[in-house]
Amino acid sequence: MRDKEKFKELFNQALVKDVFEEEINIVLSGQYGKALELLRDAESTGLYPALVGPPGVGKTILCRYFASIRAKESQYSHSFHWLTMDESIKPSHFLGSFDPAITLNKGFVLDAFNPGPLLSAMLEGGTFLANEINRATEYSQNTLLEPLEEASISIPHLGRIKAHEDFFFISAMNPEELSGTHRLSEALKDRIKIWIKLTYPDKSTELDIIRINLPEHFTIEESELELIYSIINETRKNTVDIEVPASIRAGIAMAKLLGRKRYLEREHDNKEKESIYVHLSDIVKTVLLGSIKPKPGVKVQDIINRIINKILGA
Amino acid sequence: MGIFPENPCEFAVEFIKRMRGHPDIIQIPSSRQVLSIPKLILSRYYRKGTITPNDFIEISSLTSYPDNQELAKNIAFDILFPNYHKDLINESFQDFEENNGRYQEEIESEIRSEMDHLQDLIDEIESKTFDSSTFQKLEEFFDELSQKRHEEPFKSALHFFNDDSELYKDQISSIEELLDEARNKMMDKINSLDPEDLKAGHSLGLDELIQEQSLRIWEKITSKAINNQDIHDDMNELFDLGRFEDLIQTLKFLGETGALNKEDLQKLKNYLENQIKNLDQLFSAAKNLGETPTFNQEKVIENSLGEASFEHNFNLANSLDQYYGTDLRNKLLEKYVQELETFKTPPSLEDLTKNAIARKSWNDLFQESLHHSIKEAMNQVKKNEAMKALTQQLHQLTNSCQNVHSSQKMAQKLPDLVKETLRASENSTQLKDSVEFFRKVGLNPESADIKNLGRTLGMSEEEILELIEPNYQLLKKLMDSNQADFQRLSNLIDQIRDQLNKDQISELMTLSLASDNREALAALGHFDLGDAIKTAQEVGGKEAEEKLISSLTAGSGENLLKQWFIHRRNIPNTSKEKVKELVKAILVELGIYYSRARLGSAITGPIPINIVRPFIVGDDFDNVDLEETVMNILEKGKKLNHIDYDDFLVYETAKGLRSVVIELDISGSMDGEKLAQMALCTTMLLYGLRKDELAISYFESDTHVLKSINEEVELDKIADELLSITARGGTRIQAALEWARLEFKKNANSREKLNIIFTDAEIFDLQPAIEELRILKAMNVDFIIICPETQFNLQEAEKMAKIAGGQLLTLNDWNEFPKLIADIIKVKF
Chain X
7 MRDKEKFKEL
17 FNQALVKDVF
27 EEEINIVLSG
37 QYGKALELLR
47 DAESTGLYPA
57 LVGPPGVGKT
67 ILCRYFASIR
77 AKESQYSHSF
87 HWLTMDESIK
97 PSHFLGSFDP
107 AITLNKGFVL
117 DAFNPGPLLS
127 AMLEGGTFLA
137 NEINRATEYS
147 QNTLLEPLEE
157 ASISIPHLGR
167 IKAHEDFFFI
177 SAMNPEELSG
187 THRLSEALKD
197 RIKIWIKLTY
207 PDKSTELDII
217 RINLPEHFTI
227 EESELELIYS
237 IINETRKNTV
247 DIEVPASIRA
257 GIAMAKLLGR
267 KRYLEREHDN
277 KEKESIYVHL
287 SDIVKTVLLG
297 SIKPKPGVKV
307 QDIINRIINK
317 ILGA
Chain Y
151 MGIFPENPCE
161 FAVEFIKRMR
171 GHPDIIQIPS
181 SRQVLSIPKL
191 ILSRYYRKGT
201 ITPNDFIEIS
211 SLTSYPDNQE
221 LAKNIAFDIL
231 FPNYHKDLIN
241 ESFQDFEENN
251 GRYQEEIESE
261 IRSEMDHLQD
271 LIDEIESKTF
281 DSSTFQKLEE
291 FFDELSQKRH
301 EEPFKSALHF
311 FNDDSELYKD
321 QISSIEELLD
331 EARNKMMDKI
341 NSLDPEDLKA
351 GHSLGLDELI
361 QEQSLRIWEK
371 ITSKAINNQD
381 IHDDMNELFD
391 LGRFEDLIQT
401 LKFLGETGAL
411 NKEDLQKLKN
421 YLENQIKNLD
431 QLFSAAKNLG
441 ETPTFNQEKV
451 IENSLGEASF
461 EHNFNLANSL
471 DQYYGTDLRN
481 KLLEKYVQEL
491 ETFKTPPSLE
501 DLTKNAIARK
511 SWNDLFQESL
521 HHSIKEAMNQ
531 VKKNEAMKAL
541 TQQLHQLTNS
551 CQNVHSSQKM
561 AQKLPDLVKE
571 TLRASENSTQ
581 LKDSVEFFRK
591 VGLNPESADI
601 KNLGRTLGMS
611 EEEILELIEP
621 NYQLLKKLMD
631 SNQADFQRLS
641 NLIDQIRDQL
651 NKDQISELMT
661 LSLASDNREA
671 LAALGHFDLG
681 DAIKTAQEVG
691 GKEAEEKLIS
701 SLTAGSGENL
711 LKQWFIHRRN
721 IPNTSKEKVK
731 ELVKAILVEL
741 GIYYSRARLG
751 SAITGPIPIN
761 IVRPFIVGDD
771 FDNVDLEETV
781 MNILEKGKKL
791 NHIDYDDFLV
801 YETAKGLRSV
811 VIELDISGSM
821 DGEKLAQMAL
831 CTTMLLYGLR
841 KDELAISYFE
851 SDTHVLKSIN
861 EEVELDKIAD
871 ELLSITARGG
881 TRIQAALEWA
891 RLEFKKNANS
901 REKLNIIFTD
911 AEIFDLQPAI
921 EELRILKAMN
931 VDFIIICPET
941 QFNLQEAEKM
951 AKIAGGQLLT
961 LNDWNEFPKL
971 IADIIKVKF
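Here the protein sequences come in this chain order: X and Y. First residue of the first sequence: 7, per the numbering used here; consecutive thereafter. First residue of the second sequence: 151, per the numbering used here; consecutive thereafter.
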């Protein structure tokens with residue numbers, strides 16, 4: 007019982023009631039500023055956008071930030087719902103489903119229905135993000151056709167509803183050529199009108215993103231940051247061996263790990279700092295192993311060794 | 151033209167028309183896009199109060215499907231600025247007239263009324279304000295710019311623009327606007343400025359801004375230096391704090407911007423001597439400064455030795471020697487030799503081989519390392535085996551060593567090591583094994599050593615002779631006496647292959663037949679299949695021929711398969727069928743083996759499908775379809791306490807099937823071994839994916855269908871076909887792709903569709919092939935194109951992959967072909 011009380015207390019403390027209450031650390035320079043402007047353009051013209059980019063370029067955070075701005079500006083659209091797709095997503099995950107216990111007592115009535123995120127967003131005039139939309143099967147993708155074309159949706163047994171005029175839909179996806187994704191159906195493609203490509207950001211923006219993601223006590227030198235960027239960038243230049251290069255997250259991870267090592271050195275009052283090259287060689291091996299995806303037949307370890315050799319000399 | 155650089159509606163129509171007609175289009179734009187463009191242009195105008203050509207270009211690109219966006223930008227730019235690169239305009243645009251009429255009709259019928267409404271809004275905006283001077287100003291400014299682009303401040307401001315088209319797009323029409331935009335662009339780059347940016351920033355009077363805003367000490371100091379401010383204290387602080395990387399970056403920037411004169415810069419570089427403590431820092435300094443500054447070699451090497459591994463240090467020293475002319479490797483190796491006792495183990499033979507150089511210090515260190523390895527091997531329980539392994543390692547390292555001098559030095563050590571290994575033999579069997587082993591790997595032990603050791607170990611003179619002279623006579627003797635197995639005989643034949651002539655082969659064949667030595671017959675067959683069969687026929691007629699064929703299974707299946715594809719034309723017709731039957735059985739067996747070893751299970755995980763059935767005990771509760779269940783219970787009118795488990799309905803699950811269609815190019819240069827690997831790969835797939843939907847064809851000028859999706863084939867039958875296929879003709883890919891498309895369309899039921907095509911992409915019919923690829927893409931077919939690494943048309947292969955939304959992979963070793971295909975299938979499903 008005491009545990010249950012504790013859980014309730016913690017849950018309520020952590021509950022994000024409105025999307026605009028949440029603090030979102032985002033860098034809006036370069037492509038992100040432009041993408042945000044485009045989302046605003048899309049919203050004002052009622053054209054539904056898709057954010058297209060490789061994993062880890064900041065598609066989701068941008069959507070959350072956009073939704074929080076909408077929430078601040080509008081009296082209705084405070085809500086932000088999102089659903090990350092994969093093969094197991096079914097239409098009921100978008101729309102909602104009937105509670106079997108209540109339905110058995112009362113039948114298929116409104117009381118028995120638990121709305122899903124898409125339906126909620128449509129009714130509240132909120133923002134709905136269909137994340138990784140090209141991982142969903144065509145069967146699930148088809149659920150989105152009516153909301154996008156007619157701004158309405160039919161709920162079995164209950165009827166058809168019209169979306170609130172403030173309802174806004176965004177989709178996000180990886181580029182098609184990355185393996186493990188389905189293609190968007192032609193019908194859905196035709197209903198998405200704006201295709202905002204996000205790629206790895208320019209150098210100054212990426213460095214800013216890494217900086218703002220470093221905890222305060224994990225400080226690293228600018229020259230160390232420069233080396234981390236060189237390593238990340240090297241993975242993006244090698245399109246022959248690498249299918250998915252290191253994302254911004256990999257850069258953040260390297261900077262955090264290096265920051266932690268430096269922090270520990272300071273804590274232990276080490277007068278002689280360990281060489282950045284030795285630290286980074288270790289960190290690169292650990293982080294890149296899971297952050298890059300080689301093309302079939304290429305060994306990830308060989309790629310990492312080549313990068314270390316080129317950038318760090320060893 | 152006034153507010154809008156072009157009429158948005160007319161622009162959209164023209165844009166879509168050009169996109170649709172362009173030969174490089176990947177996804178044909180829909181009619182809906184023609185409305186999205188003016189809508190977004192109007193929205194942006196209402197938000198910003200102004201609209202530039204760049205907005206038109208950006209919006210055209212954004213409303214286009216991602217694969218079309220680059221093309222969209224170019225087409226939009228060409229519509230807005232037809233004179234900018236007139237000569238570059240694609241000739242294919244001439245064809246647009248043809249499509250124009252048809253497209254206009256389509257527009258008119260579908261969306262005319264909404265376009266009219268947008269046009270009214272545009273007219274209203276244009277009628278309120280009309281400023282014809284904007285474009286005149288733009289033209290005048292560009293005239294001025296073209297004359298003064300090499301003068302300041304134009305030159306420095308233009309540094310921050312990629313090209314003039316950016317000025318057009320942003321409608322920059324005055325020097326003030328140009329400077330403002332350049333300042334903004336530089337602001338965005340602060341904290342990642344390069345030396346040229348800093349110089350341009352200085353010319354534009356932005357030093358103060360850089361010094362205020364930058365987090366990077368080298369940007370600040372360089373900006374100060376360019377601005378002739380005193381940097382003495384800043385540099386002293388950097389040196390005092392020992393912030394080595396900052397110091398190096400600062401020196402690099404000071405050098406590259408020319409902010410300091412050569413003497414002053416050199417003075418600063420000289421101070422680095424005390425700062426550079428190890429090879430890492432020396433490498434960093436050299437990489438950034440483009441030269442090695444003065445450094446204390448003794449100290450640097452001494453420090454590095456204790457801090458990092460041999461390989462790490464050697465790689466750094468190697469890079470420095472190679473690119474900056476130092477002689478660090480030698481010094482490093484000398485130091486290692488000097489201080490060998492400090493280290494418990496010297497660098498490994500492998501590390502030293504990888505890092506070989508033609509120096510005495512390397513020889514000394516290698517010698518030390520070898521001594522250490524010998525000592526370790528001799529301490530093993532099975533010292534003969536350990537020494538054999540060491541000798542083989544040294545032999546392999548000798549062959550793989552890139553440095554000729556070192557390789558020779560290593561090779562010189564091999565005879566002694568071979569001798570030591572023989573000496574480590576404790577009985578005659580070990581000695582024989584060692585001798586044979588060395589011969590097999592190409593090392594020939596000294597006869598005198600074998601003789602002495604053989605005698606010591608109590609071997610007979612005859613036994614010793616066999617060990618000493620692996621010559622034709624010995625081979626003959628072994629075949630005659632039926633004493634050796636296939637492997638031993640094959641090795642012997644390989645060793646004396648250059649001495650063997652037709653008569654000798656004939657003699658060996660006669661002996662083997664007479665002594666009914668099947669191992670010997672197999673060894674002769676695997677050496678040269680065609681000749682062996684002919685010789686057997688000549689020596690002993692049909693019976694001998696049959697005996698030889700029936701012996702062939704003794705050798706490796708893969709080798710026999712290769713022999714078939716290499717020599718099949720030389721095999722006499724009388725026995726061709728029999729040999730083929732044998733090779734066929736081997737092909738099937740190998741295909742099954744490869745499939746089990748490489749493809750794993752043919753079936754993907756359970757996937758819910760849209761069929762429900764009553765729950766049965768053991769079903770996964772996650773698969774209960776609540777809605778259907780409730781409906782079912784309500785329809786039956788059951789009360790809660792009457793509900794039983796079979797009232798619950800669950801999704802039926804199915805094992806996920808996959809559709810794979812594979813087209814393999816057998817044109818031109820596909821010789822024996824390549825065909826053997828293709829055949830192997832094909833049988834592997836046929837077996838491994840037998841529960842899936844699989845279709846395979848070979849193609850050149852024609853397409854040869856081996857299996858359709860809906861066709862049940864016997865592995866045997868396909869193997870038979872595979873063994874008869876010959877490489878010929880040119881590469882016509884369209885028909886093969888069309889066949890693949892029809893397979894997916896008519897016969898495939900699976901959700902996962904994968905098309906793999908192997909080709910050298912030297913294609914005669916690319917254009918029609920591209921149309922097929924577009925259709926495959928529209929059908930949601932995953933596409934992979936594989937090309938041999940050394941020989942293919944990269945441009946055409948990339949284009950095909952792009953249009954099909956697929957992936958281009960290369961193959962560098964033919965033996966890896968079945969593995970690569972297996973890897974793709976494992977990754978894709």
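I should point out that these hints are in silico values taken from the structure, not numbers from a laboratory. Where is the CB? At the ideal position from N, CA and C, for every residue including glycine. One or more of the hints may lead you astray.
In silico PhoX-like links for lysine-lysine, alpha-carbon gap of 20 Å or less [stated by the list, open to error]:
1) K40/X with K203/X
2) K402/Y with K195/X
3) K335/Y with K316/X
With the Cβ distance kept under 10 Å, some of the chain Y side facing chain X (calculated, not the full set) [as the list claims (entries may be wrong)]:
4) F394
5) H462
6) E777
Going down the list of hints, with the structure as the test:
Between K40/X and K203/X, the direct Cα distance comes to roughly 11 Å. Compliance with the 20 Å bound is thereby established for this hinted pair. As the CA atoms of K402/Y and K195/X are separated by approximately 50 Å, the hinted pair breaks the 20 Å bound. Between K335/Y and K316/X the alpha-carbon distance is near 31 Å, which puts this suggested pair outside the 20 Å criterion. Hint on F394/Y holds. Least Cβ distance to chain X is approximately 8 Å, under the 10 Å limit.
Interface restraint check for H462/Y: the shortest CB-CB distance to chain X comes to about 4 Å, inside 10 Å, so the restraint holds. Of the supplied interface hints, the one on E777/Y holds, with its beta-carbon coming within about 6 Å of a beta-carbon of chain X, less than 10 Å.
Going down the numbered hints, you'll see the structure goes against 2, 3, while the others check out.
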